[in-house]
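Peer 1: Hints in hand, dock the two standalone chains.
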Amino acid sequence: MIQQSTRLLQRIAQTHLALTLGLLGCSFLLSAQAEAGEKYAVRAGIVHTLAGEAIPNGVIVIEGGRITAVGSADDVKIPWDAEVLDVPHLEAYPGFVEAHTSSGMDRPNESVSVAPFLNVRDSIDPVAFYFEDCLRSGITTVNVQQGNACIIGAVGMVVKPHGMTVEEMLVRPRAGLKISAAPKSGMSRATQAQTLRGAFTGLRLHLEDLVQQKRNGNDFSRREALYQGRDLAGERGKGRAMMSKGWTVEGLELVPRGEVDEKQEPLLDLVEGRVPAWIYCGAPMDVRLALEIASDNGFLERTVLVLDDSCWKAADLIAEAGVSVVLDSTLVRTEMDPKTEEEEEVFIPGVFKDKGIPFALSSRNSTTESLWFQAAMCVAHGFTRAEALAAVTATPANILGLEGEVGCLCPGAAGNVLLTSGDPLSVTSFVEYVVIDGNLVYDRSVDIRTQHLLEGVVPEGTESHAEEPEVEEDTRKKAGDEGGSR
Amino acid sequence: MIWTSFLHAVCLTLCAPPLQDAVVVEQPQEPEAPKAQPAVVPVVPAADLRLHAERVYTGTGEILKNALIEVRDGKISSLRPGRSAPEGVLQVKAVTAGMIDLSARLHSNFNSVEQSTEVQPHLDVAGSVDLHDKRFARLARTGVTTILVNPLDRNVIGGRGVALKTHGPMEVEARRLNGRPILRGAIGSEPSAANHAAFGRPTDFYSRRPTTRMGVEWEWRKAFFDAVAAKRLPEKDFPGAEDLREALAGKRTVMIQAWTTQDIRTAVYLDEEMQREGFGDLDLVIDAGAEAWKEPGILVRNSTIVVLPPHTAGGRVGSDGAFLAWNTASLLVGEGLTVCLSAHGAGPGSATLGHQAGFAMRGGLSFDQALAAVTSAPASVLGLSERLGTVHEGMDADLALWNGRPFAATSRVTGVLIDGVIVVDPR
Chain P
98 MIQQSTRLLQ
108 RIAQTHLALT
118 LGLLGCSFLL
128 SAQAEAGEKY
138 AVRAGIVHTL
148 AGEAIPNGVI
158 VIEGGRITAV
168 GSADDVKIPW
178 DAEVLDVPHL
188 EAYPGFVEAH
198 TSSGMDRPNE
208 SVSVAPFLNV
218 RDSIDPVAFY
228 FEDCLRSGIT
238 TVNVQQGNAC
248 IIGAVGMVVK
258 PHGMTVEEML
268 VRPRAGLKIS
278 AAPKSGMSRA
288 TQAQTLRGAF
298 TGLRLHLEDL
308 VQQKRNGNDF
318 SRREALYQGR
328 DLAGERGKGR
338 AMMSKGWTVE
348 GLELVPRGEV
358 DEKQEPLLDL
368 VEGRVPAWIY
378 CGAPMDVRLA
388 LEIASDNGFL
398 ERTVLVLDDS
408 CWKAADLIAE
418 AGVSVVLDST
428 LVRTEMDPKT
438 EEEEEVFIPG
448 VFKDKGIPFA
458 LSSRNSTTES
468 LWFQAAMCVA
478 HGFTRAEALA
488 AVTATPANIL
498 GLEGEVGCLC
508 PGAAGNVLLT
518 SGDPLSVTSF
528 VEYVVIDGNL
538 VYDRSVDIRT
548 QHLLEGVVPE
558 GTESHAEEPE
568 VEEDTRKKAG
578 DEGGSR
Chain X
6 MIWTSFLHAV
16 CLTLCAPPLQ
26 DAVVVEQPQE
36 PEAPKAQPAV
46 VPVVPAADLR
56 LHAERVYTGT
66 GEILKNALIE
76 VRDGKISSLR
86 PGRSAPEGVL
96 QVKAVTAGMI
106 DLSARLHSNF
116 NSVEQSTEVQ
126 PHLDVAGSVD
136 LHDKRFARLA
146 RTGVTTILVN
156 PLDRNVIGGR
166 GVALKTHGPM
176 EVEARRLNGR
186 PILRGAIGSE
196 PSAANHAAFG
206 RPTDFYSRRP
216 TTRMGVEWEW
226 RKAFFDAVAA
236 KRLPEKDFPG
246 AEDLREALAG
256 KRTVMIQAWT
266 TQDIRTAVYL
276 DEEMQREGFG
286 DLDLVIDAGA
296 EAWKEPGILV
306 RNSTIVVLPP
316 HTAGGRVGSD
326 GAFLAWNTAS
336 LLVGEGLTVC
346 LSAHGAGPGS
356 ATLGHQAGFA
366 MRGGLSFDQA
376 LAAVTSAPAS
386 VLGLSERLGT
396 VHEGMDADLA
406 LWNGRPFAAT
416 SRVTGVLIDG
426 VIVVDPR
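So the protein sequences, as listed, match chains P and X. Quick note on my numbering: the first sequence kicks off at 98 and runs consecutively. Quick note on my numbering: the second sequence kicks off at 6 and runs consecutively.
Just so you know, these hints were derived from the structure itself, not from any lab. Backbone N, C-alpha and C define an ideal beta-carbon position, used for all residues, glycine too. Among the clues, some could well be false.
Quick list of the computed label-pair ranges, beta carbon to beta carbon [as the list claims (entries may be wrong)]: (1) 546/P x 201/X: 36 to 42 Å; (2) 341/X x 554/P: 17 to 23 Å; (3) 554/P x 174/X: 47 to 53 Å; (4) 371/X x 229/P: 26 to 32 Å; (5) 214/X x 271/P: 57 to 63 Å.
Looking at chain X on its own, in the form it has when it is part of the complex (with noise of 0.2 Å):
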């Protein structure tokens, strides 16, 4: 018996997640504009589903008791509060929209930088998604139906991200989601990481720049510089310059990771810069924003979006030492601000999604805030709000099912769907 334990346990140590094999070619893409999304196509045909909660949160600010769902063709077909379980039909407690990270950090490994230069803007990570990774399965337990994969941050600016299901079709052209596109790139120590001037030892990978904090920002605003000058000198163009320049025009979303107040200002200022230079208006979203607390005025005068990482015992977070209070996202909510959520990819066993609305709830977030910070919140920035993040007829069947008070620590979720499929059957 112990032998069979030691061959098993040699094997999953041997089938640790696979390494993507694909790796990330230049693509140049026409910029395509956010087109209408077709509809998601389950693995098998979602067959028609009834299903019985003694409480729904639609995540309207509504508490639905005793409300039958009825799901067809993977959207919720109908949703009728007040009703009583009919015979044989899925019965839990609580319902919440199936919930969105986008901070997953699925791909956050080499294969997913393409390293020949620091700015990559017209890169799709797509490319580099491995949808057999175990990693999105887990994800689909913890209830979490959406994510954003977003390249490493090993780049000033690494590419597109992609918003997919966490179950779906195996192919990522099928599964991903074509909201508002988002652009991802980093501020602070992390592009610059690992990375070494020429001289005084053998020229190898590392030795490029920016070496510093301030070349990783020099490096963003000369992107979006030459962006506009090759606007006018076409043969200053450079491939990703039109999808910086559709940034500039607010036609896609700027990620931009960015931990201490530090960071989080050198983003603000970048925007207003371009503001200022008569650019454009970036979408700007800051993730990870651990220090956001810090400085919340000039996010609010910004109205930049927040992705906060996870809440930690000391507060601490994440490589640059960033410190979370954990009053964080109730305080940007109180400003006013759009707040999400993420567990960076947690998966069961470990702090999830669903523990880190519960632990900004202990900061002092309300139950109705803390929903939407991993449900509609997320989902607007995806710019899905149409299709998910709330629980309501119409909208596709991503739902997390609770067996008890959703983000309680005494509770969890027990069963899953996605796009009507039951990826976890809480029976």
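Extracted from the complex, chain P is given alone in its bound form (with noise of 0.2 Å):
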């Protein structure tokens, strides 16, 4: 009987949940777990919003995912039917941006030189312990790009280090796309330029040729749409003129959108400045050829160059240039004199923040120098504790276009909250608690892996314990001449 009315309640609260989900339509992919109205509280010892001086005895409260208070224990109120997290003897701070990282994937690399039309949201494994140890580590942002061995990768997208689905984890699909400027494997310079540029003339040619066939009143192209089961419905089924501020195509209004191949929609999208450009310089070199795409095809703004740490040598052009850039997990990069043999250390943090270069440091992952590594070391080099955690926090959230949704505690952030047994930057700290959205999604005291790296703790079931064998005493004679044949 009283398992009946327990499945009975079960039915009814998945139907419920089925309900609200449909309701909410498409933003439930937003914040998939918390639902509008669930509300959560942070009580800390210190908050660090990030923006703006600390709070000791702070409160931030987070409701629907989003942070609506936050300040003093004695300004703020605590809803009454709100979760709390009252951790006194801990320190709040707001969740690590990672700016760009080709973890997580099953394999971070297409073989395929050209491929826009494919999506990371195919190749993200939700339960990679990359994302777990993105907990462990701080950072509740990942903007998640095909690797750099590419000539056009993928769409990329940022997602939250949470979740069973892509979908539970996801926060902004279409985050980019994916260029590289650095020859991939087998590839000369002039040959991934020239494929490179080819790949644009491409999509103008396509473009072109659309036109032309519309004026020809010819229906090739709208057959082979609706053949692949293209949507051709509502905006898709309009047409629009080009808008680019690099090249553009005459008459591009015959078109319907949803009649242009979709194979050239994603380099349509970043001509049209719709989605930025993610573009790898693997050398100083390739950034000439990284400005001049972005800049010959129009999206010079909407673009941010990730840079091998030898590319500090053309920070004066990227200054020019004003696009903002994330650097590489290698911060201090030893050069030489080829003629004096002289080393010179360079830490490249400190040329862009001389250049007013905005930049965003990235992890060494699975190594020790994670985001907060990173920002420990800027501190080491010379700069002030505030503009380390703003190139883990503040600018990565811009650089992504999520300013004030991540990266700070701030009203209208998303709730994303590190618990932290002292300064981040410390070697003896830890993160004890992450809030993303709202929901408590790590808790260091039940995390068996961290418990197994730092205590030496094998988990139960995972590992034999192996005893010691007996040595018996050895009761024979010493060993004279036959030593040797033993």
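Peer 2: Structure follows, in structure tokens:
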């Protein structure tokens, strides 16, 4: 009887959830777990909003996944029905933002050289250890992009490192197209450059061809689109004049947008400025090509350069172009004078800071050098704490177009909060809890892998506890002449 | 500008660290007793130097505030706390002794491996050291002032390591630190890696033994048994036998690379077998003993010293897939063992030896213990405690100058003194 009623209750709950999700429509993708109205509050010893003074004995209120109030416990009232994480011994910080990574994917690179029609959504593995590790190191927003071994790569997306499906993880779909100005394996620089330029020429020819077909009165592209099952209703059925700052195709308004080849469409989005570009430069000389491509095709304003550590030498060029950059995880580069063989160390973030170029730090994945460590290295090299923390919070948030959404603890931002045992830039501090969108998603006290790593605790059932074999007392005589023959 | 950068980049590629030109040759050596170390002559005669530090971490548990350090003839001539900084004197936030890496892996390439047999206790790696290697200077810039250079672990017993300052005279003999001699070898998969049996394919260089872990262990035991046997039967003598007998007599330290718990066991059991047979007692140091945390008991009963490899985010480290828990150093020190840390030669831009000390603190080691693990503990392994590893009068003026609290991720080594010479100027 009791079982029956429990099941009934469950079914009601499920139906209710399905209805809610249905009503919310697409918006549930943005915050899969926090339903509108769900309330969560954090009370911490110190709240570092990173958008003003630190607040002792502070309170953060999160409703429907968004921060609604931050302030001193004296000023901010916690709603009576909010779930409260009361941790006066901990400090609250906004979650760190990883501006660019190719981790968390099944395989980071597609062998097809020009593949803007791909989407990392199909490759992200929600249960990859990488995402778990993000939480441990306090990263709550991750921009996943295809690897650097491409010419034009997939469309990337911004995710949070928590959720059982990619949809649950989603923060922002179509977070840009990955391009590489550095030659992929087996290509010369010239071939790379030519293929890259050729991709945009290809787009232009395709669009011109579509316009010509329309002018000729044939409907091949429409039939092809219908044959492929593409959407030609609504906006997709209408034509729009080309909106590019680079080049234009006269008469594109004649072509319904749904008729543009799917394989070319993401490139058109790029040229028309609807998605940003993440252009990898593997050497200083690649920067010029990257800027040329971006500027010729009208998306310079929406370009972020993903730089190898050698690219500090092109800092002047980058400053002139006014683009933002994501730095390599190697922060200190050793340069050698080819004549004197004298070595010199260059602290790369320092170069970009001096030139006034907005830069985001990036983690060295799978090592100890996560974002907190990179920020700490900046302090060791003379940055202020605020500057160093900005390079892992506010600046990457701006670069991702998520300013005010992530990277600070301010009203209106996503409810992403780290609770640390102390200064997050200290080796002896730990991320104790992580809250994402008002959900507690990480608790170090129950993190078996961290216990394994830090305390050598072998989780039960994962390894046989081999007993040390008994060493019997050897009663044989001391080895003499036959010693060597044993 | 792009073109100059390109040329620069090309040059950098071409000018990668040079391979050593010297090849190890068999050098039958008279085993020499540790002798008194002659004073090292710095490249330039050390100018008398004064240095003022807000804090000096002496390495003996003391922190001296506002200390004035005077250096004369490459040695610390005086150390006086509670002084204000005189005009024009070099001022720094913090000073520790220069760090010592016993597993710097500086010459871990095939030029340091004599491959004619698996057991080469008589060779001295000094013969293959290239002092022009840029990595010495890179290590010096991270505050590492002394390193132990060992042969690559592709032999079972690779030979004798050489302790060197990371800056000094450009001759190995002039720069080497003659402390306690160290015999280097390995247990695990590395010495047999790439070897294969001679049948079924054309014979090549790798058609040799051992091809397994157990083969490696057998080589160790055979070497010691043979050495003991050869003492009675001179016709069975072989190069290196005397070195092995000296090791058994405890006159030189035996440093064995053993990453996993099974290999650490093998090393300790080897030592215990030697004791049972009455052959002697090895002075054993386990290098890269990542899994020492699993069975600290066997290390405690044998008073084995452990050198730990660098910490990694996932814990897995090294070619044998060992797991280094971050509390290993803390656990072993708690058991009363001597622990040294190593960055395996990481230079600036990566997790340096100073960072490793910080990571060990993340795993629970106290600051003083961490400091010891990168200074005084390795100094004592090298038998050079009289000269290195702590900051006080009469010690070598090997100092790491920090811009904040040592080992914090937010500070770094900004200056380095080696034998009183300013190798990296913090100004």
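Peer 1: Does each hint hold? Answer for all of them.
Peer 2: Evaluation of the provided hints:
Against the hinted window of 36 to 42 Å, the Cβ-Cβ separation of residue 546/P and residue 201/X comes to about 37 Å, which satisfies the hint. Against the hinted window of 17 to 23 Å, the Cβ-Cβ separation of residue 341/X and residue 554/P comes to about 22 Å, which satisfies the hint. A beta carbon spacing of about 49 Å between residue 554/P and residue 174/X agrees with the range 47 to 53 Å that was offered as a hint. For the hinted restraint 26 to 32 Å between residue 371/X and residue 229/P, the CB-CB distance of approximately 30 Å keeps it satisfied.
Hint check: residue 214/X to residue 271/P, Cβ distance near 59 Å, so the stated range 57 to 63 Å holds.
Of the numbered hints stated above, none is contradicted by the structure.
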